[in-house]
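Colleague: What follows is the residue order along each chain.
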Amino acid sequence: MSSDRLKIAEQQLLAPGGLDQNDLSRVLAHLMGASVDAGDLYFQNSAREVWALEDGLVRTATHAVEQGVGIRAISGEKTGFAYADEILMPALLQASSAARAIARRGQEGAVAAWRRQETQPLYEAGDPLESLAAGDKVDLLRQIDTYARSLDPRVSQVLVNLAATHDTILVAAADGALAADVRPLVRLSVTVIAEQAGRREQGSDGGGGRFGYGELMRDNAWQRFADEAVRQALVNLEADNAPAGSMPVVLGPGWPGVLLHEAVGHGLEGDFNRKGTSAFTGRIGEQVAAPGVTVVDDGTLPDRRGSLTVDDEGTPTGRTVLIENGILRAYMQDKLNARLMNMEPTGNGRRESFAHLPMPRMTNTFMMPGAYDPAEIIASVRKGLYAVNFAGGQVDITSGRFVFSASEAYLIEDGKVTRPVRGATLIGNGPEAMTRVSMVGSDLQLDGGIGVCGKDGQSVPVGVGQPTLKLDELTVGGTRA
Amino acid sequence: MVTQGVPDRDQELAAMRVLVDEVLEVAATGGADAAEVSASMHSGLSATVRLGEVETLEHHRDRGVAVTVFIGRSRGHATSADLQADSIRRCVSRALDIARFTQEDRCNGLADPGRLATHFPDLDLWHPRAMNPEEAIQRALACESAGLEDARVTNSEGASVSAHVGAAVYGNSHGFRGESSGTRYDQSCVLVAGQGGGMQRDYWYDSRRAFEDLEAVELTGRKAAERAVRRLESRKIATCEVPVLFAPEVARSLVGHFVGAVSGRALYQNASFLKDTLGERLFPGWLSIRELPFLPRGPGSTAFDAEGVATRERDLIDHGVLTGYVLASYAARRLGLETTGNAGGIHNLRVRGDVQAQADLIRQMGRGLLVTEVMGQGVNLITGDYSRGACGFWIEDGAISHPVEEVTVAGNLRDMFATIQALGDDLDQRGAIQSGSLLIGRMTVAGA
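Those protein sequence lines, which keep their order, are chains D and U. Going letter by letter, the first sequence gives residues 1 to 481 in my numbering. Going letter by letter, the second sequence gives residues 1 to 448 in my numbering.
Keep in mind that the hints were calculated from the coordinates and are not lab data. Be careful, since some hints might not be right.
Straight-line C-alpha distance at most 16 Å; calculated EDC-like pairs for lysine to aspartate or glutamate [unchecked claim]: (1) LYS236(U) <-> GLU473(D); (2) LYS78(D) <-> ASP428(U); (3) LYS223(U) <-> GLU373(U); (4) LYS416(D) <-> GLU352(D); (5) LYS7(D) <-> ASP20(D); (6) LYS275(U) <-> GLU195(D); (7) LYS236(U) <-> GLU373(U); (8) LYS455(D) <-> GLU352(D); (9) LYS223(U) <-> GLU249(U); (10) LYS383(D) <-> ASP414(D); (11) LYS236(U) <-> GLU396(U); (12) LYS223(U) <-> ASP428(U); (13) LYS236(U) <-> GLU376(D); (14) LYS416(D) <-> ASP373(D); (15) LYS78(D) <-> GLU53(U).
Cβ-to-Cβ under 7 Å is the rule here; a few derived chain U residues that face chain D [unchecked claim]: (16) LEU57; (17) SER80; (18) ALA448.
For each residue, glycine too, the CB sits at the ideal point set by N, CA and C.
Given these sequences and hints, build the entire structure.
Modeller: Following this line, the structure appears as C-alpha cells:
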C-alpha cells in the first residue's frame, strides 16, 4: 500500500530532523511568493553498493550514501532550484529562499491541502542491499567467474559487477501532491574476453530489475548471463570487418530496442517539443512511422528496471501510446512541460537525484509486436545486416540523426544469416528510419534490465524492447567499403 | 536577490582537515591496517536563459567524504554525502565490513610512502569572484542574444553561465595530507538554424579557471550561431576511403582513446590493443604527447594524484614512441611497474609537434572529410576498432565544399595513430586533454 510507503518515507527522511507534514506546508508557503506558480520539495535517501570481480578476485566493493532535499520554485517558464544535504528546517528555509529568488518577491503564497497519491506499489519496499549476506555476494561472483571460465578454454578474462540501489523518496508540492516511493534496484553484468591466436574479443550480458538479489539466483538466472556473454565473445572471435554502405538491416528482439529509444524516444520528450527543437515538434496526428509501427512508453510494468510507482514529481506512471500504427499520438510529459503545452502529465518527470532538476524522461519504451515470423523477415533480405546486440546509442534530437554500435552482428546473404561481422555502426535519421520499417515480428521482448539513459548530464535507469524488425535501408559504417 | 558568496576557503579546508583526521582515526580504531580519505566540497551557481527569458537558476552545494580501508591486503571503500558524526562512523564501518569480505590481493594497498608528494607549488587555480544571480542571468542573455542576431538562427536551446568553487583534502595513514582548491567559470550556448526537417543544431562553450580568461560571452553566442548555420543543407556522401581531418574539439577524443588504451586497468585486464607496446613507435616521429600537471590555471593541474603520489611532467609519447603508461599504484603492482602518479586520471595532456594552420591542412588534404562532431560509442579498446557517426564538411580541391551529415568514419586506432599526417595550430585548451586539428591519412567513410 502506498500509505505505508509514505509512512516509511516520513520515518526515514523527515523524523530524524524532527519534521512533519505541517513543516512541509510551512516551507512550501515560504517558497510560494506572489509570482511563483508552482513549487515542490523532493526528499531523498539513497544507498548504493557495487561488488566487482576481475581476474578471479572480488578485490573491492563500494558503498555510497546520499541524502538531501531539492527545492524548486516555478514562475511561468522560469525555474529556481536549490538543494540542501541536511534535512533540517533552517537548511530547508535557506534553500527555499535561494530557489524562490527566481520570481519577484511577494507575500507568502497559497498552498493547497494535501492530496495523497494512493497508488498500488509496483515493487516490494525491502532493501536489496540487505537481501543477500556479504559473504554470499562474494561467493556468487566467484561462482559466476568459475562457471564462465568452464564454458570455453578461450575465455581469458571475466569481469562481474553486482550492484544494488535502495532509494526512498518523498515529494510534496504546493498544488497539494504528496507522494512517496521506496525503490529497490539490482543489476548483475558479466563481461568476458576470449582470446584465440593473439586476437581478443569481448561479450557482455546482464540483467536486473526492481527486486532483491534473490531474483538473480532464482533458477540460476546468472548462468544465462554468463552463457550469453561467452557466446558473444566467441562469435566475435570469428567475425570479419563489417561492410560499409547503405543496406537493409534486420534488428533482433529485445535490447536492440535501444534504436527506438534513440531514434524516436528522445524526440518525443515534452521539453524538446515545447521548445520546438525536436524533429517531431508539432506533428501529433501525423504519420511519422510506417503503418504497423506502434510505440509505447510504459512505467507500470511490475518489477521492471524502468518502472516507477510514481515519478519524481509524485505523478503515478502510466502507459502512454506514443505512436499508434504509424501515427504520432502523444509526447512524454513532466508537470512543467505539460502545463506549458496544455497537456496532461504522463508520469515521465524524472531526476537523477535531489540535486538535479526533473525533466521528461522515458521509463520502459518498446515497439508492440507485429504479424511476421522472425524467420520470414530474415528470409526476405537478399543482402543486408542482422544486428542482435548493441553497445549503446546516441541521438541529436534536432536533426533526428542517431548512431548506434552493434556488438554482435551478422551478414544476411540470400535470405540466410551467414558470417559474423565486427565494428558495425548504424547511423540514420530517426523520423526517416521509422518510415522505412517494412516488417515487424511477432516476438516482442523486453531487455534484461541493464539500460542507463543519459540526458543533460543526468543518468536514470530505463527499459527498452522490440520485436524483430526490418528497416529497408540504413547506413552501416564498417571499414570494408 | 540572494547573492552567491564565495565560501571561505581557509575555513572549509580547516574543517575538512579535521574531518580527514577523524575518519583516519575511526578507521584505525575499527581495525583498519591502513586507510585513505578524501573530503571534498563544491559550490556553484548556474543560470540558463532561453529566447530572452530566464529558464533556470540553480544553486549547487555538495559535500562528500570517501574512505578506503585495508585489512591486511583486503580492501573496502565507502562514500557518504552526509557528514554528521554518526553518518561518518557508519560510512567507515561499511568500508570495514566490505574489507572483511573481499578477497586478499597482494597488489592492494596505499601508495608507496617514497612516492608521495612533498612539494606543493601554487598552480594558480584559485580565482574566486562573487557572482550574483542577476549578473549570471545578464551574461547568459548577452550570450544568447548575440547568437540570435543571425537571421538564419530560428530557435534556441538556451545559453548558460555558471561559476563553481571546489576544495578537497586527501589524507592517508602514512601521514600524508594534501589540499587542493580551484575555481571554474563556464559559458555555453546551443542554437538551432533552419526549419522543420532541415533543422540543424550546434553549440559552443568556454571553460576557464579564471573569469578574466573567458572569451567575450557574445563571442560564444556568435560561434554557436555560426556553427549551427554552416550545417544547413547538410547531406550524405557516397561511401569512400579518404583522408579525414578531425577538428580540435573532436581530435582530443582520439587522444582520449589513446589514454584509455595505455591505462592500467585496460592493460592488466588484457583488454587493450596497446598492451605490451612500451618502447614501440605508435605515432609518427614528429609527434609527442606530453603530460603537464603543473600548467598554471590548467583544467587538470595538480601536484599530487588521488593517492597522494607526486605528479611529474613527462612525455607519454616522445617523438612517436610510447614512453610511459598511465598507472596508479594497484595497476602498477599488477604490471610489475611503478605508479606514474595517475590515480584519478591524467593531469593535462598536450599533443605537440610541427603545427600548421587548419586552412593549410585542408589545402594539403585536397579531397576528404573535415569532422566537427562524432557520435555514438563505436570504439573498441580491446581491438582498436573505431567506427563512429560523424558530421562535418566535404573538402574538394583543398577547400570546404558543403556540410555532411549521417556518415560514419571507421578505421583501427592503431593505424589511425600511426598515419597521423599533420597537427593544427588551433590548440583547444578548454579541457584536460588538449590537441590541435589532427589529419589522418585514410579512413573509411560510410554514407549513401
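Colleague: All hints, please: hold or fail.
Modeller: Cross-check of the supplied hints:
1. For a cut-off of 16 Å, the pair hint linking LYS236(U) to GLU473(D) stands: about 14 Å separates their Cα positions.
2. Restraint check: the Cα-Cα separation between LYS78(D) and ASP428(U) comes to about 34 Å, which exceeds 16 Å; the hinted pair is violated.
3. Of the pairs offered as hints, the one joining LYS223(U) and GLU373(U) holds, with about 15 Å between alpha carbons and a cut-off of 16 Å not exceeded.
4. Between LYS416(D) and GLU352(D), the direct Cα distance comes to roughly 44 Å. Violation of the 16 Å bound is thereby established for this hinted pair.
5. Taking the CA atoms of LYS7(D) and ASP20(D), the gap is near 11 Å; set against the 16 Å cutoff, the hint holds.
6. With a C-alpha separation of about 14 Å, the suggested pair LYS275(U) and GLU195(D) falls inside the 16 Å cut-off, and the hint holds.
7. Our distance criterion of 16 Å between C-alpha atoms is met by LYS236(U) and GLU373(U), whose separation comes to about 15 Å.
8. For the given pair, LYS455(D) sits about 10 Å from GLU352(D) by alpha-carbon distance, which is consistent with the 16 Å threshold.
9. A distance of roughly 13 Å separates the Cα atoms of LYS223(U) and GLU249(U); the hinted pair therefore holds under the 16 Å criterion.
10. Distance restraint check for LYS383(D) and ASP414(D): the Cα-Cα separation of roughly 6 Å lies within the 16 Å cut-off, and the hinted pair is therefore satisfied.
11. For the hint linking LYS236(U) to GLU396(U), the alpha-carbon distance of about 15 Å falls within 16 Å, and the restraint holds.
12. For the suggested pair LYS223(U) and ASP428(U), the alpha carbons sit about 15 Å apart, so the restraint of at most 16 Å is met.
13. In summary, the hint linking LYS236(U) to GLU376(D) is not supported, as the alpha carbons are separated by about 31 Å, beyond the 16 Å threshold.
14. Distance restraint check for LYS416(D) and ASP373(D): the Cα-Cα separation of roughly 14 Å lies within the 16 Å cut-off, and the hinted pair is therefore satisfied.
15. Of the pairs offered as hints, the one joining LYS78(D) and GLU53(U) holds, with about 8 Å between alpha carbons and a cut-off of 16 Å not exceeded.
16. Taking 7 Å as the C-beta contact cut-off toward chain D, the hint placing LEU57(U) at the interface holds, the least distance being around 5 Å.
17. At about 5 Å, the closest approach between the beta carbon of SER80(U) and any beta carbon in chain D falls short of 7 Å, and the interface hint on this residue holds.
18. Evaluation of the ALA448(U) hint against chain D yields a held restraint, the C-beta minimum of about 6 Å falling below 7 Å.
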